[in-house]
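Undergrad: Below, each chain spelled out in residue letters.
Protein chains: 2
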Amino acid sequence: MSLLTFGSAAYDSLETPFGRRDHSLGGSGVYASFAASFFTRPRLVSVVGGDWNPEYTELLRGRGVDVEGLEVRPSAKTMFWRGVYPVDMNHCETLVTETNVLDGYVPVVPESYKDSSCVFLGNISPLVAAALLSEIDKPRLVVADTMNYYIATMRSELLELLRHIDGLILNEDEAKMLAETNFTLEAARKILKTGPRFVVVKRGEYGAFWMSDREFYATPSYPLETVVDPTGAGDAFAGAMMGVLAESGDESPASVKKALLYATVVSSLNIEGFSLERFRNVRREEIEERVAKFREMLV
Amino acid sequence: MSLLTFGSAAYDSLETPFGRRDHSLGGSGVYASFAASFFTRPRLVSVVGGDWNPEYTELLRGRGVDVEGLEVRPSAKTMFWRGVYPVDMNHCETLVTETNVLDGYVPVVPESYKDSSCVFLGNISPLVAAALLSEIDKPRLVVADTMNYYIATMRSELLELLRHIDGLILNEDEAKMLAETNFTLEAARKILKTGPRFVVVKRGEYGAFWMSDREFYATPSYPLETVVDPTGAGDAFAGAMMGVLAESGDESPASVKKALLYATVVSSLNIEGFSLERFRNVRREEIEERVAKFREMLV
Chain A
1 MSLLTFGSAA
11 YDSLETPFGR
21 RDHSLGGSGV
31 YASFAASFFT
41 RPRLVSVVGG
51 DWNPEYTELL
61 RGRGVDVEGL
71 EVRPSAKTMF
81 WRGVYPVDMN
91 HCETLVTETN
101 VLDGYVPVVP
111 ESYKDSSCVF
121 LGNISPLVAA
131 ALLSEIDKPR
141 LVVADTMNYY
151 IATMRSELLE
161 LLRHIDGLIL
171 NEDEAKMLAE
181 TNFTLEAARK
191 ILKTGPRFVV
201 VKRGEYGAFW
211 MSDREFYATP
221 SYPLETVVDP
231 TGAGDAFAGA
241 MMGVLAESGD
251 ESPASVKKAL
261 LYATVVSSLN
271 IEGFSLERFR
281 NVRREEIEER
291 VAKFREMLV
Chain B
1 MSLLTFGSAA
11 YDSLETPFGR
21 RDHSLGGSGV
31 YASFAASFFT
41 RPRLVSVVGG
51 DWNPEYTELL
61 RGRGVDVEGL
71 EVRPSAKTMF
81 WRGVYPVDMN
91 HCETLVTETN
101 VLDGYVPVVP
111 ESYKDSSCVF
121 LGNISPLVAA
131 ALLSEIDKPR
141 LVVADTMNYY
151 IATMRSELLE
161 LLRHIDGLIL
171 NEDEAKMLAE
181 TNFTLEAARK
191 ILKTGPRFVV
201 VKRGEYGAFW
211 MSDREFYATP
221 SYPLETVVDP
231 TGAGDAFAGA
241 MMGVLAESGD
251 ESPASVKKAL
261 LYATVVSSLN
271 IEGFSLERFR
281 NVRREEIEER
291 VAKFREMLV
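Taken in sequence, the protein lines are chains A and B.
According to my numbering, the first sequence is numbered sequentially starting from 1.
According to my numbering, the second sequence is numbered sequentially starting from 1.
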C-alpha cells in the first residue's frame, strides 16, 4: 500500500552526554519517512524555509523517499529546536522551539499523493494534521502521533482528530496524560474509546505494545548499552512501523508483530548516532541482521 | 534436578486499593516454593514461630512442597510484615517489619536436602543465605535474590555472597543501587563482574531480562489491567523460574526463555489475588492456558 508520511523537517541543536550538534537534520517527518523508506517508498509532506540545505532533500530522495510534497518557502525559516538530554537520557529538556515556517502552515498535498492508502500524521498540531487528512481521498489506514504539548494545549482538537483515525501512537507518559490515569493499560483502553481502533504505546527502554479491543502485542526494546542521541527515536519507530504495515498490506497478527519488531530495531539503529548520522548509513541487511539477533533474545 | 528454596515464611498485613488483609500467609520462601511447585517438588527451608498456622504447612505439602526443612520454634513468633500499596501500586510502603523468629536465625538443613543440585536463596540476609549455602554438598546452580535493605546495610556481606553464586535476581531499582549507576543495562553488566554468571532483572509491569556475558533474553510482562496485590510477585517470579530450570536440567537458551516466560505468567496469576488466595487455587493447566495466550502476544 502507498504510504504518506506527514511531519516536520527541522534543524536540531542538541546536547547529550556524548557530545553536541548544531543545526543538524531533524524533524518528525524526516525521521519517520527515512525509517519507512527501508520498507516502502514513502511520500513526504512537509515544509521548510529558504535556509533549508538542499542536500538533505537529496539525502531523502536517495533513500527512495518521494519528496514532491516537501515544500520550500524561500521567505521563511525552517523550524528550529534546541534540547538537552541529561545524564539519564530518559527525558529531554527543550530549550528552544522556533516553529518558523510552520506558523499558520496549511499543508499542500500533491495530486499524486491523494490516492495514498496509508497515512502517518507525525507529531504536529492536530488541526494541521486534520487539514492534511481532509485532502486524502480514501485512506485505508490512518495513524497519528501526538505529544504532551498538544495534549495540554489542544485537547479538544486532538480528541476531534482521534475520531477520524485508525490508530494513535504515543509515549507512555503521553498516554497517561491524555487518558488522565496513572495506569498505562487503563490509559490505552480509555484511548480506544475515543475513536482509534488501536493504540501503540512506546515505553522507551522498556519496549512498546499495540492494543486494540481484542488484541495485545508487546515487544521489549532492543538492548543498547550506549544511546548516543535519542532524538527521533519515536518518529523512527512510528515510521518503520508504518513502512512495514504498508509493505504487508494488512493488519494481521503476523503483520502487526513484524511491524513492532522492525520498528524496535530501526529505532535502535537510529539512536546509536547523532541526528541521522548513523541512520543515513544503515542498510536493509543491517536491519535484518539485528532483527535476527533480536529474535534470539525474545522468549 | 532437585531444588531447595530458602526464604521467609511470614504473616503479612497489607492494604491495596482493592482491600486489606490481616495476618495473611506470606514470605519469600512461601511464595517461591509455591511457585516452583508447579514445575518440580521443591524442598523448603524456613522457620516459623509457635503462632504458625499448621494449615499453611499442609497447604504447601498439598502442593508437593517438601516441608521437612520448615522449622517450627514454639517459643518464638513468626516474622510479621505490614505494608501499604498506594494507588499506583508501583511502590510499597513498609510500615512494620518484625523479624521475630529470624533474629539470630541459623538455618537448619535436613540431611535429605544436602544433595540439592539447585538452590534458591530467597530474599533474606546475605549472611544467613551464605550459612545455608555452606550446608549444601555440591550445588550445580545457586541463585540469590536480594533487596534494597541488604544492599544498603550489608553491602560487603552481599558482595561476598555474590562470589559464591551462579545467578542474582533482583529488581531494576535494586540493580541500579547495587551497581551505583542510573542505567539498567550498565548495572546488570557491572553486577556480572562481581561474581554471578548471570543476572535477572525484574522490571515490574515492564517485564524482565536475563543477562550473562554473552547472552541476553527479555520478556514483557503479562498485561494485567487489574493487579489486586503485588506482594510476592518477585518471589513467585523467581520461584517459578527456578522450578522451570530445575525441571529442564540445563541453562540452554530454550530453557532460560521458557523459565522467563513461565515466571512471568505464574507471577501474573499470583498478583490477581491477595496473599496466596488466587495462587493456591491455580492449576497447571491454567498456567499452560495463559502461557499459550501470552505467546500469541509476543512479537
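The hints are simulated quantities; they were obtained by calculation from the structure and are not laboratory data.
Glycine included, every Cβ here is placed at the ideal spot set by N, Cα and C.
Among the hints, erroneous ones may be present.
Far from chain A, by Cβ distances over 12 Å, these chain B residues were calculated [to be verified]: (1) N53; (2) L95; (3) M154; (4) R155; (5) L185.
Computed list of lysine-lysine pairs in BS3-like fashion (alpha-carbon distance at most 27 Å, straight line) [stated by the list, open to error]: (6) K176(B) to K138(B); (7) K293(B) to K190(A); (8) K77(A) to K176(A); (9) K293(A) to K193(B); (10) K257(B) to K257(A); (11) K258(A) to K190(A); (12) K176(B) to K193(B); (13) K293(A) to K176(B); (14) K176(B) to K176(A); (15) K293(A) to K258(B).
Across the chosen pairs, the derived CB separations fall in these ranges [as the list claims (entries may be wrong)]: (16) P86(A) to G195(B): 25 to 33 Å; (17) P86(A) to V87(B): 23 to 31 Å; (18) V84(B) to D115(A): 24 to 32 Å; (19) Y149(A) to N90(B): 40 to 48 Å; (20) R155(B) to E289(A): 39 to 47 Å; (21) T97(A) to D250(B): 26 to 34 Å; (22) Y149(A) to K77(B): 50 to 58 Å; (23) E272(A) to D51(B): 53 to 61 Å; (24) E289(A) to G19(B): 49 to 57 Å.
Undergrad: If any of the earlier hints don't hold here, list their numbers in rising order.
TA: Hints 5, 6, 8, 18, 19 and 21 not satisfied by this model.
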